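Make a model of the complete structure from these sequences and hints.
Protein chains in written order, with the numbering used here: chain A, 1 to 119; chain B, 1 to 98; chain C, 1 to 123.
Treat the hints with caution; some may be incorrect.
Unchecked claim - Mimicking BS3-like on lysine-lysine, the simulated pairs with C-alpha atoms at most 25 angstroms apart in a straight line are:
(1) C:Lys64 - C:Lys54
(2) A:Lys25 - A:Lys66
(3) A:Lys30 - A:Lys72
(4) A:Lys30 - B:Lys55
(5) A:Lys2 - C:Lys8
(6) A:Lys2 - A:Lys30
(7) A:Lys2 - C:Lys7
(8) C:Lys7 - C:Lys80
(9) A:Lys49 - A:Lys66
Claimed, not checked - Examples of chain A residues lying across from chain C (beta carbon under 7 angstroms, computed):
(10) His41
(11) Leu101
(12) Gly102
(13) Val105
(14) Gly108
(15) Thr109
(16) Leu114
Unchecked claim - Residues of chain C placed beyond 10 angstroms of chain B at every Cβ, according to the derived structure:
(17) Leu24
(18) Gln57
(19) Glu74
(20) Glu79
(21) Leu88
(22) Leu93
Derived by calculation from the structure, the hints in this document are not laboratory data.
None of the values given here were measured: they were computed from a predicted structure.
We put the beta carbon where it would ideally sit given N, CA and C, even for glycine.
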Amino acid sequence: MKFGIVVNEGPYQHQASDSAYLFAKAAIAKGHEVWRVFFYHDGVNNASKLTAPPQDDRHIVNRWTKLAEEHKVDLVVCVAAALRRGIQEENLAAGFRISGLGQLVEAGTQCDRLITFGD
Amino acid sequence: MLHIINKSPLSNSSLESCLRVAVSGDILLTEDAVYAATSGNAFEAKLREAMGRFKVYVLQPDLDARGLGDRLMAGVTSVDHGGFVDLTISNNSCQSWL
Amino acid sequence: MSDATVKKFMFVNRKAPYGTIYALESLEVVLITAAFDQDVSLVFLDDGVYQLKKGQQTKGIEIKNFSPTYRALEGYDVEKLYVERESLEARGLTEEDLLVDVVVLGRAEMGALMDEQDVVLSF
Numbered sequence: 001m002k003f004g005i006v007v008n009e010g011p012y013q014h015q016a017s018d019s020a021y022l023f024a025k026a027a028i029a030k031g032h033e034v035w036r037v038f039f040y041h042d043g044v045n046n047a048s049k050l051t052a053p054p055q056d057d058r059h060i061v062n063r064w065t066k067l068a069e070e071h072k073v074d075l076v077v078c079v080a081a082a083l084r085r086g087i088q089e090e091n092l093a094a095g096f097r098i099s100g101l102g103q104l105v106e107a108g109t110q111c112d113r114l115i116t117f118g119d
Numbered sequence: 001m002l003h004i005i006n007k008s009p010l011s012n013s014s015l016e017s018c019l020r021v022a023v024s025g026d027i028l029l030t031e032d033a034v035y036a037a038t039s040g041n042a043f044e045a046k047l048r049e050a051m052g053r054f055k056v057y058v059l060q061p062d063l064d065a066r067g068l069g070d071r072l073m074a075g076v077t078s079v080d081h082g083g084f085v086d087l088t089i090s091n092n093s094c095q096s097w098l
Numbered sequence: 001m002s003d004a005t006v007k008k009f010m011f012v013n014r015k016a017p018y019g020t021i022y023a024l025e026s027l028e029v030v031l032i033t034a035a036f037d038q039d040v041s042l043v044f045l046d047d048g049v050y051q052l053k054k055g056q057q058t059k060g061i062e063i064k065n066f067s068p069t070y071r072a073l074e075g076y077d078v079e080k081l082y083v084e085r086e087s088l089e090a091r092g093l094t095e096e097d098l099l100v101d102v103v104v105l106g107r108a109e110m111g112a113l114m115d116e117q118d119v120v121l122s123f
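Following this line, the structure appears as structure tokens:
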């Protein structure tokens, strides 16, 4: 199965990004494909490379980057939502790319299932 | 359809709205919605009543995290994240009631 | 778009406007989805029905009034707007209070419509 995932909340504030990550990992472990993760609303904050959590906490941003590298997951940050919130190319973490909302629509049309994680 | 709920029914109406509008299918309680599936909570009777129309699942890691792993009410099926993935496949579509 | 797949997209709006940005950003997705020639339905449930209330005056809160966009949806061929009757009634509203023409559905009809969709996005 081909999965698309939507993340609508920022890291640490809400559990949404954690839940989405664990879902993606479980899907991949079962042999499915996570084709794209689309970050929308405050979810765009998951892509900030300036994120620096305490040492003993999980690093949510790096976790997404690693998932993208190891499993070719396309991490897309909505451009309109990102610009509103100060996420730009210069502070974008590795593995993420900024693009338009059409990428979300495409995830809906191309994937067998689209799962949303938000508040 | 798989209905995914992530809010406590004692402070948010999303589960109540889902039960009012949705016709049938599976319900998965995640994050703060797991409180709905614990024995003795004020929403228990309403959830039990809905079990005729829906099969109800709870994401066990979220229940465990909240210290309620041993309070699961009867009739609710516990799943892990892999089980969550399976539910999105066995249902033709899904909706997160945010 | 890489191919011509057309799916049934439903956008479920359950949040009031201005208190949070969800309603506005949801509308942006709706417009893009329509531009990609998908089959789009909009649903307003619970506090989401407040998004359609006539007479929004946002000058005093210095946030852009985006409610006129709902009237522009028709120009993007987004014509399927559904409001749940119970949600309207619970808020003391009637169809006359809404700034666009909608189809008012009972809860069971609404639930059945949801079941017909390929992709449901809830904001």
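So, going through the hints one by one against the coordinates:
1. C:Lys64 - C:Lys54: holds, 15 angstroms
2. A:Lys25 - A:Lys66: holds, 11 angstroms
3. A:Lys30 - A:Lys72: holds, 16 angstroms
4. A:Lys30 - B:Lys55: holds, 23 angstroms
5. A:Lys2 - C:Lys8: Status holds; Cα separation ~18 angstroms.
6. A:Lys2 - A:Lys30: Satisfied, since the Cα-Cα distance of roughly 12 angstroms is no more than 25 angstroms.
7. A:Lys2 - C:Lys7: Answer holds: A:Lys2 to C:Lys7 is near 16 angstroms, not above 25 angstroms.
8. C:Lys7 - C:Lys80: Distance of about 14 angstroms is within 25 angstroms: holds.
9. A:Lys49 - A:Lys66: Roughly 13 angstroms between the alpha carbons, so the hint for A:Lys49 and A:Lys66 holds.
10. His41: holds, 6 angstroms
11. Leu101: holds, 4 angstroms
12. Gly102: holds, 6 angstroms
13. Val105: OK, holds: A:Val105 within 7 angstroms of chain C, min 5 angstroms.
14. Gly108: Result: holds, 4 angstroms to nearest chain C Cβ.
15. Thr109: With Cβ-Cβ at 4 angstroms, under 7 angstroms, it holds.
16. Leu114: This interface hint holds because 5 angstroms falls under the 7 angstroms limit.
17. Leu24: C:Leu24 clear of chain B: closest Cβ-Cβ about 15 angstroms, beyond 10 angstroms.
18. Gln57: Holds: least Cβ distance 27 angstroms, greater than 10 angstroms.
19. Glu74: holds, 25 angstroms
20. Glu79: Fine: 22 angstroms to the nearest Cβ keeps C:Glu79 off the interface.
21. Leu88: Answer for C:Leu88: holds, closest chain B Cβ roughly 13 angstroms.
22. Leu93: holds, 17 angstroms
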